[in-house]
Amino acid sequence: MTQNRTPPPAASGPSRRRLLAGGAAAAAAGATVGAGVTAGLLTGATQPATTPTSASTSATDEVDLTRIVPFYDQTHQAGIRTPPQRHSVFMTFNLNAGTDAQDLQVLLARWSAAIAQLTQGKTIGTVEPSRPDAVGTDTGEAYGLAPASLTVTVGLGPGVFDDRYGLAAKRPALLADLPRIPGDVLQAGLTGGDLSLQACADDPQVAYHAVRNLARMVTTTAHTHWVVLGFGRASAGPGQETPRNLMGFKDGTRNVAGDDDYDRFVWLGEDAGWMAGGTYQVVRKITMTIETWDFDRISDQQRIFGRTKDEGAPLTGTAEFDTPDFAARGDGGYVIDQASHIALAAPENNAGVKILRRGYNFTDGLNDQGLLDAGLLFISYQNDPQHFIDLQNRLGRFDLLNEYIRHVGSGIFAIPPGPPTGSYIGQALFA
Amino acid sequence: MSRKFTTVAGASTALVLTAALAACATTPVASNSPAASSGADGSAPVTGGAAQVKVTLTGDGGDACTADHLTAPAGPVTFTVENVSSTAITEVELQSELKILGEKENLAPGLPAASFTVTLDGGTYTLYCLGAEPETQTFTVTGQAAASPTGSTATLLNEGAKEYQTWVVGQAEDMATAVTNLKTAVDSGDVDEAKAAYVQARPFYEKIESDVEGFVMEGFKVDDNAGNLDYLIDMRASNLDEKVGWSGFHAVERDLWKNGEITSDTKKYAADLSTNVGTLVEVVKTLEFKPEDLANGAAALLEEVQSGKITGEEEAYSHTDLNDFAANVEGARQAFAYLQPGLEKIDADLMNQVVTEFGNVDAALAELRDKSAPGGYLPWTSANRGKHSKTLSQAVLALQQPMQKIAEKVATAK
Chain A
89 MTQNRTPPPA ASGPSRRRLL AGGAAAAAAG ATVGAGVTAG LLTGATQPAT TPTSASTSAT
149 DEVDLTRIVP FYDQTHQAGI RTPPQRHSVF MTFNLNAGTD AQDLQVLLAR WSAAIAQLTQ
209 GKTIGTVEPS RPDAVGTDTG EAYGLAPASL TVTVGLGPGV FDDRYGLAAK RPALLADLPR
269 IPGDVLQAGL TGGDLSLQAC ADDPQVAYHA VRNLARMVTT TAHTHWVVLG FGRASAGPGQ
329 ETPRNLMGFK DGTRNVAGDD DYDRFVWLGE DAGWMAGGTY QVVRKITMTI ETWDFDRISD
389 QQRIFGRTKD EGAPLTGTAE FDTPDFAARG DGGYVIDQAS HIALAAPENN AGVKILRRGY
449 NFTDGLNDQG LLDAGLLFIS YQNDPQHFID LQNRLGRFDL LNEYIRHVGS GIFAIPPGPP
509 TGSYIGQALF A
Chain B
157 MSRKFTTVAG ASTALVLTAA LAACATTPVA SNSPAASSGA DGSAPVTGGA AQVKVTLTGD
217 GGDACTADHL TAPAGPVTFT VENVSSTAIT EVELQSELKI LGEKENLAPG LPAASFTVTL
277 DGGTYTLYCL GAEPETQTFT VTGQAAASPT GSTATLLNEG AKEYQTWVVG QAEDMATAVT
337 NLKTAVDSGD VDEAKAAYVQ ARPFYEKIES DVEGFVMEGF KVDDNAGNLD YLIDMRASNL
397 DEKVGWSGFH AVERDLWKNG EITSDTKKYA ADLSTNVGTL VEVVKTLEFK PEDLANGAAA
457 LLEEVQSGKI TGEEEAYSHT DLNDFAANVE GARQAFAYLQ PGLEKIDADL MNQVVTEFGN
517 VDAALAELRD KSAPGGYLPW TSANRGKHSK TLSQAVLALQ QPMQKIAEKV ATAK
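Which chain is which? The protein sequence lines are A and B, in order.
Position one of the first sequence corresponds to residue 89 (the numbering used here), numbered consecutively onward.
Position one of the second sequence corresponds to residue 157 (the numbering used here), numbered consecutively onward.
Hints listed in this document are in silico derivations from the structure and should not be mistaken for laboratory results.
In silico SDA-like cross-links for lysine to any residue, where the CA-CA straight-line distance does not exceed 20 Å:
#1 Lys423(B) x Asn337(B)
#2 Lys210(B) x Gly198(B)
#3 Lys210(B) x Gly510(A)
#4 Lys399(B) x Gly383(B)
#5 Lys255(B) x Gly224(A)
#6 Lys255(B) x Ala222(A)
#7 Lys424(B) x Leu396(B)
#8 Lys210(B) x Gly231(B)
#9 Lys446(B) x Arg219(A)
#10 Lys546(B) x Asn184(A)
#11 Lys397(A) x Asp384(A)
#12 Lys543(B) x Leu274(A)
#13 Lys543(B) x Ala185(A)
The following block holds chain A by itself, in its conformation from the complex:
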């Protein structure tokens, strides 16, 4: 009666997963000799299980598929300060009519235990049950794949705290539906949600498997609402090179970084009660009119962003990390247009406020016109959603970029703190 539900842990022997990861690494190492480009994608590093926040990611921005991001005992949920992985699946859910607080409790506990399994590269249960009439617990498509730094971040939408579950008294102080913001063309099918899952991994199949199985195990309690598959992270962690969005510009050069920034702008403090160590997640699905953008002359593109396209330097500097000089004037007025994207978003023009951006590019194929349907899955974390609201109000009104983008999806979620061993995400709600 062996169930053979999980592959053996990486540390205990040559599992298929380890061989695969090792093989990929070896292939990459081999390729490095001939083509330096490959070295940026995969690495020959073999050390397992490194804490992401303490990982010294090299400037060459390498991927180590064997890496495991710990789930328990981390104060904060993973997937926020974790250096952005290459791929993501973001899915929202609505709670089923007639469910109660106990259903929600079981959902959060089962999700937490399953996420703990998945992030270690394990299945959530049997792939091939021994009883012929049994249905597999795990769908199996990630069996044998490396952990790939999988993180799954769980969020609670405003609906969790309405009168359905008796949790109104536990509502995070600043959690409320986002107000209408200028420029919003939100679609109902891409907006809101009672729960969110942000799965990120360096292997897209690992991220997809996680969300698929987490969705599958809770169908009696919650149903899917909307989903975005992200690729090519559009933000950088420490040591990572600033990636580019689909407009070809570097995105996230002046992101939140360092303990002070995180404490000041991202994490909720002790005064947040049970949410201490948590944060707020804002998600926006932003489509780009890509073909139109691609026809735009380079000088205009650079004026719109306020940066050069190649280096990513502010138009007042020469290197990416030069501090923009928003006061500098040239022949035709300000060197960096006051309505450029970076001028409107800069902390110095927003009372010093920063938000942590951790987005991904996405594509949904072609739209009704036969044009590329793609854009940015914008995800930000902040300890006060008003920071996002204020910034986006400015951008929505004045940003030169608005000609090329549309905010079509939106959601806000409270992100509870990370659970200690033996607990689960949101356990404080049911205390």
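The hints should help you fit chain B onto chain A, whose structure is shown.
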């Protein structure tokens, strides 16, 4: 039909009792109750008439399943399971020779302890913790328990399967009558009357569809659709086999709704349909069902709903898909109802959950009633599908989730 409703009503009464028991079972149980009479020789102490065994799941350095006692006196034994820190173990069962006697699912770290009670006779059992290392432990019961008044779970399930067979035959016979009526209406040349007869005949087939799926008549090869009864009766444009040609319900449907007229071909389709359904009745009388067939059949009917009815594929011309939808669900409900008395003994929580989800599907479907439409539901046009299919689909998905677990339980019941 009426005899069936009696049985279902009986099952519902049992259900109320079970719900109360389940509610008690999920309440945390104190491990060292003062009333406990100490068990001899390390045997589990008896409190409130049941031996108490505490099972603890831990995950530090390997997922382990630890019972505070591995022996108990014969009689009721309550297993109280607490998951302290194991992320791999989500289910604990008590088995006898691989048959499930009782179990608890949905275990996760941080949740309150949950319990299940089984009445055990003297002998050796297996405590099975899926995902633990080791997964199985021997559990020994000493002495002899009073005989169970209600019969074994397996007996209940097998009785249910037998009764279900009788019900299926009844449905097939009613279908034969309804199809004869359809043939009469078609022969009369009255399109409206024929449409009404069509809509009345369809549900009988949809209720028992999973039992006759893929049935091949004697003398035909398995890859010859000309001998496939299910195909001949229910073929659709989307799965048409040109070699055999179109016949059956949906050929009639096409003539009545798309063409709006009855031709000599239509009359032939209706006559063939009547003949084939007559054959089907004889086939159905020979069928024998095991309990897991009922569970798998119910699951298959829900699959039909999800992939054939909600999509509007089944009734492409009449758009009476929701009529079929309701019949598929009814067929699944009947199969499930015959398993209920046995399933209640194995996993009352699971049984309750299925009942709840059937209720949710009914409620979602009730929203789409339209008395003036043929079949009694909104015509399942593209516009209506766009508006309502998501809600229906998700309600059915929520029913499929617990339903998928039943076959395994009843197949292994003792």
